[in-house]
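Novice: Protein chains in written order, with my numbering: chain E, 61 to 652; chain B, 301 to 884.
Do not rely on the hints blindly, as some may be mistaken.
[Stated by the list, open to error] Lysine-lysine pairs mimicking DSS-like chemistry, simulated, CA-CA at most 27 Å apart: (1) B:711 with E:272; (2) B:675 with E:630; (3) B:784 with E:272; (4) E:272 with B:658; (5) B:868 with E:630; (6) B:643 with E:272; (7) E:286 with B:711; (8) B:539 with E:296; (9) B:868 with E:286; (10) E:167 with B:525; (11) B:736 with E:286; (12) B:525 with E:477; (13) B:784 with E:286; (14) B:406 with E:272; (15) B:784 with E:175; (16) B:736 with E:78; (17) B:525 with E:286; (18) E:78 with B:525; (19) B:525 with E:82; (20) B:675 with E:272; (21) B:868 with E:584; (22) E:167 with E:244; (23) E:286 with B:744.
[Said to hold, decoys possible] Partner residues are not named here, just some residues of chain E that face chain B (Cβ under 7 Å, in silico): (24) 111; (25) 131; (26) 133; (27) 134; (28) 185; (29) 277; (30) 328.
Hints in this document: simulated from the structure, not taken from any laboratory. Where is the CB? At the ideal position from N, CA and C, for every residue including glycine.
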Amino acid sequence: MKYSMDWQLLSRFLGYLKPHQKLVFVGILAVPFSILSSVLLPWLIIRIIDDKLMAGTIDGLDWMILGLCAVLMVNYAADAIYTFFLQKAGQLTILDLRMDMFHRVLKFPRSYYDKTPVGVTLTRLTSDLEAIGESFAMGVLNMIKDTLITLALLIFLFSVSWKLTLVVLLVVPPVYFITQFIRKRLRVVYNRARVILSRSTGFLQECLNGIKTIQLYSAEEEVESKYEQFTDQFFKAQTLSNLYDAALFSIVSGITTITIGLMIWYGAGEVLAGWISLGILIGFINTLDKIFIPIRDFTSQIADIQRALAGIEHIEELFEQALEEEQISPEDVAWFENHLSQFENLEFENVKFKYKDDGPDVLRGISFTMKKGDQIALVGSTGSGKSTILRILTKTYSNYQGSIKINGIELSRIPKKVLEKLFSLMQQEVFLFDESLSFNISLGREGIDQKDVAAAARYVYAHEFIETLPEQYDFMVRDNGSNLSSGQAQLISFARAIAGGSEIIMLDEATSSVDSVTEHLIQKAIDRVFQEKTVIAIAHRLSTIQHSDQILVLEHGVIKERGSHQQLLKMRGIYANLVQELDPLAIKEEVA
Amino acid sequence: MKNYRFLFPYLARHKISYALGVVFIFLTNWLAVTIPYHIQVAIDLLTDHLEENQDFLIENIAIVIILAVLMSGVRTLSRVLFFNPGRAIERLLKNEIFSKLNHLQKDFHDHHATGTLISIANNDINSVRRMVGMGVLQVFNIFFALSLTPLKMWEISPSLTLYCAIPVIVTFLIAYRSVHYLRLLVRKRMVDLQSLSARVVGFLSGIDVIKGHQIQGWALREIEKESRELLERSLQISKIRSFLMPILGYTEQILKVIILSVGGVYLLKQELSIGEVTAFLAYATLLSLPFVLMGRIISIFQTGIVGLKSIRRILDQNTPPQDFIHLEIPKREALFQKGIVVKNLSFRYPDSTEMVLKNISFTIRPGQKIGILGKIGSGKSTLVNCLNHYLELEKGQILIDDHDVTELSRKDLRSAIRTLTQDPFLFSDTVVQNIKFGSAHLEKHALVEEVLFQSHLAEEVKMFPARQETLVGEQGILLSGGQKQRLSLARAMYTPCKLLILDNVLSAVDYETERFLLQQIFEKMQAQSILIVSHRVSVLEQVDQILILDQGEITERGSHEELLTRSKYYRSTWDLQQKRGEVA
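Next up, chain E with everything else stripped away, as it sits in the complex (with noise of 0.2 Å):
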């Protein structure tokens, strides 16, 4: 079962290593020479021993020395190259990978994002992706190819004097016996360091989130004792590792050791009784790390493609993760286009909504109707539903119930790209790329060009800072808008919205108060777009909520009260208590 679910991994892996084969082809071509010339060496040892230097004639050493020389050289070549191509198909391999997880995850729905952290998908397009080619050249490679040079070697050595590789032989259980021991009782510690340490970095988490309420408290003491317990246990299972991966290490040479003298005690008397010769013990000698190390290492590439398989894995769930796409023909979309190009009215109808199946309704049947040229003002507390009434009509979430018609076209039928240019959002969390003022406003989108640029940022009032700045249009956003104040930020966002040139705006204003004079240049801006176009706003400025035609105050995905803004506040509901709670001011000449 494991292992079939390895395979169908891997499978994707190999389906990206496919284009390149070549590089792959011409690194295996060199494992041939590698295997051959890593077993010419001790061949090569074991001749000049025996035949010039025992034999004590020095015809022909120079000859054997340059062979060496050629023998070394060629296995130097067949491993640079074999790594240097393979390694190079592994790093073409990520980066087509990359893009094409990059290009799915532009294409997951809302709901990915509501319940994934921004940090684990990049996880998965970074850290993953690094541990599978990180673990792909070193554990990968190393152990085909070691494994490949550990058996030619065996045969060699069987070959040249059975007996002597089965004393060699002899000790290979052990040593893998030994290691496999230690590595299990190394496991069990590892992962419960790995437990320990995830418990008290959460717990770090949660006290620098919750530092304001420590410092409060005043429970540093309380909180550092119990992070002193985490780091207790932790150095505790960590000394037990260091002891066992101090053994581990110390063990194994040690044996290497040990079987160099027994293969002299056991070749001695094959010696004396010529079976063997000297140089064919000291070349054994001299190949028995090259045996051993493998067998060491074996456990610790066998956890590297472990790792690689863990990302392979991972990165899967990006894989399985469905995706939005609307399949839809261009005829279609001149269509919708067409039909759509000017907005005439938009109709709500018992439209209901829930985030998640099992979850609780957030609209409850919400019926509106607005007209070109109409400003509607959505209110009310949090988690009344009216965000989530602009996240539909953007279909940033589908599947509502009832029925939503733009120009009597119901909306889920209406493809998103034509729905970008009927609408423009401006968001209530401003988000700006790392770019250029100009490409902020922008975006890159077709036909908005330097002057349409200024033009939307002249529009809302914010040319005239932008003129201030050293580079103007020029200027480079860092940090998501950390070198501008929010408020000049809610402008250049605000200009991004204008500039796609939409009938309607969605505006959902921000709640972050801005410095005054950035305040009035918004307050300035709103009141430009409430007189010129179709305006649907979430709104928590007063002078916002009094430009709409129709303010529609929510409650629990309910419509309670609507009206203008005199309609309501003489209902002295909850339209008047939200009111008095931003402006007392606002109330007070009502009651008067």
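Following the hints, put chain B in place on chain E, whose structure we already have.
Specialist: Quick look at chain B alone, frame taken from chain E:
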């Protein structure tokens, strides 16, 4: 160098362990170079008069095996003696960082992302641990290997030793250059990878903008550009790893060629025995080992130093000195005898020019209940965070008894003033542990059942799967906003305090429950004085004095009755909420 000096006191704590480790690493290397000598003797015996010397051969083989066993033990010990101090230093650094983070104030935490701090506490400390463990071990290991092995070789044949020095020096130079070059490339690749990650994070955070404006093509091209740069860098590294670094591994083979050719000639001239050549072959392996390790060790020190620098970014931060000078316990317990006096308090946030609080003055006497009313953004929470010294303020504006709050340690101040914030923070722990949070050092406390009742949670907790021992938070049950607020209220009431500040904490509770909670808070009066920030007049109606805050100033003050007649704003709010109340 400064970084190493920083580390020195940590290393000095474990000087015995390190000293023993050095002794054992010396022994390991001494054994490693002694063994080939006995192999040499054994091999020579094979060519010469073996019959008479059978016992001597066995003796030497026995010595080889005994020394090998001994070496395994000594080597294990030497590694443990170096690794364990590394782990101990890791533990100490983690505890110190954690404690430091707890004592650093808002300003620091506002400027440092949680993710970065966690990465320092885990990854950077880990790389320092590797440096002071594995790194230090290998430095001594290489030192002894490179000094003892040539010494033994010299004893056998000085001239052959000199011949062997040539490839060692050449490969060392090649290795040094390529390790240096590789290091640069690896660092550059790290930067490339970080910039790719930053781009990916940027695009994922802005995914709605990308999709909303259909600019996926651009995003893909940008990522492809970054990925290609990373690929180029990876390939450069691959080239060095495939073509230059393996040369290090060939040191051993090259040495063997020299030993067989030059040594071979010596052997034929009878200047060397075959056993001595075999010993030389064994020394070749020992001599080349440090070179194979060199690359790894250099990178261990590299990342170690980088880690150390990150750690110092936290540990070298100054914590407010007054936070470590505490009042004597009786004095601390006597705090708030005269209450709190706020005089002409003005405040603005460090990176802003706008005054959030202007000339605020008022007094809270022991036993008094004060309410604050004001619209969003009027400065209520800022005022609260000044009182408990959560925000840094200037001297002489807030006094508790005769102490200036800025001169008192925060611990002392907050033993008297307890603040409940709007956004209660609960730990992923049991209900009861969340209630007891912060009370470990206090003797006086209420009963858990009592505070559960007072915070109107008793009934609900009974329904929880494991009652009071139920886990809350991510791994446990999810609490509603109201439940969270009431649980944090229970926590606040568990231990007594002098002044309890409730900053809009009952916003998610219904009217009925709110009335009950207020009654409990006011009647039981675990706290001497109470400051309540609220939108609800029904709450404020029960306090002694109400302050109305507008744009950072106290515009009106007085009792409920006084304000009803005097303040238009208060009156209208009252009327409105009365009507709401009737409807509800």
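Novice: For the pair supplied as a hint, residue 868 (chain B) and residue 584 (chain E), confirm whether the alpha-carbon distance does not exceed 27 Å.
Specialist: Violated: residue 868 (chain B) and residue 584 (chain E) sit about 30 Å apart, past 27 Å.
Novice: Given the hinted pair residue 167 (chain E) and residue 244 (chain E), is their Cα-Cα distance within 27 Å?
Specialist: Violated. Residue 167 (chain E) to residue 244 (chain E) sits at ~43 Å, over the 27 Å cutoff.
Novice: Given the hinted pair residue 525 (chain B) and residue 477 (chain E), is their alpha-carbon gap at most 27 Å?
Specialist: Given that 27 Å is the threshold and the Cα spacing comes to 26 Å, the pair holds.
Novice: Starting from residue 406 (chain B), check that the Cα of residue 272 (chain E) is at most 27 Å away, please.
Specialist: holds, 8 Å
Novice: So if I understand the rule, the pair passes when the alpha-carbon distance is 27 Å or less; does residue 286 (chain E) with residue 744 (chain B) pass?
Specialist: Holds - the C-alpha atoms of residue 744 (chain B) and residue 286 (chain E) are around 21 Å apart, at most 27 Å.
Novice: Classify the hint on residue 131 (chain E) as holds or violated, based on whether any CB of chain B lies nearer than 7 Å to its CB.
Specialist: Constraint on residue 131 (chain E) not satisfied, violated at 9 Å.
Novice: Given the hinted pair residue 286 (chain E) and residue 711 (chain B), is their Cα-Cα distance within 27 Å?
Specialist: At roughly 19 Å apart (the allowed maximum being 27 Å), residue 711 (chain B) and residue 286 (chain E) satisfy the hint.
Novice: Please work out if residue 675 (chain B) and residue 630 (chain E) have their alpha carbons no farther apart than 27 Å.
Specialist: holds, 21 Å
Novice: Quick one, is the residue 111 (chain E) hint okay against chain B at 7 Å, beta carbons?
Specialist: violated, 11 Å
Novice: Next pair to validate is residue 272 (chain E) with residue 658 (chain B); report whether the Cα-Cα distance is within 27 Å.
Specialist: holds, 25 Å
Novice: Going by Cβ atoms only, is residue 277 (chain E) closer than 7 Å to chain B?
Specialist: Given a least distance of 3 Å, the restraint on residue 277 (chain E) holds.
Novice: Assess, step by step, whether the Cα of residue 643 (chain B) is no farther than 27 Å from the Cα of residue 272 (chain E), and give holds or violated.
Specialist: Distance ~25 Å between residue 643 (chain B) and residue 272 (chain E) Cα, so the pair holds.
Violated hints, in rising order: 8, 9, 16, 17, 21, 22, 24, 25, 26 and 27; the structure is consistent with all others.
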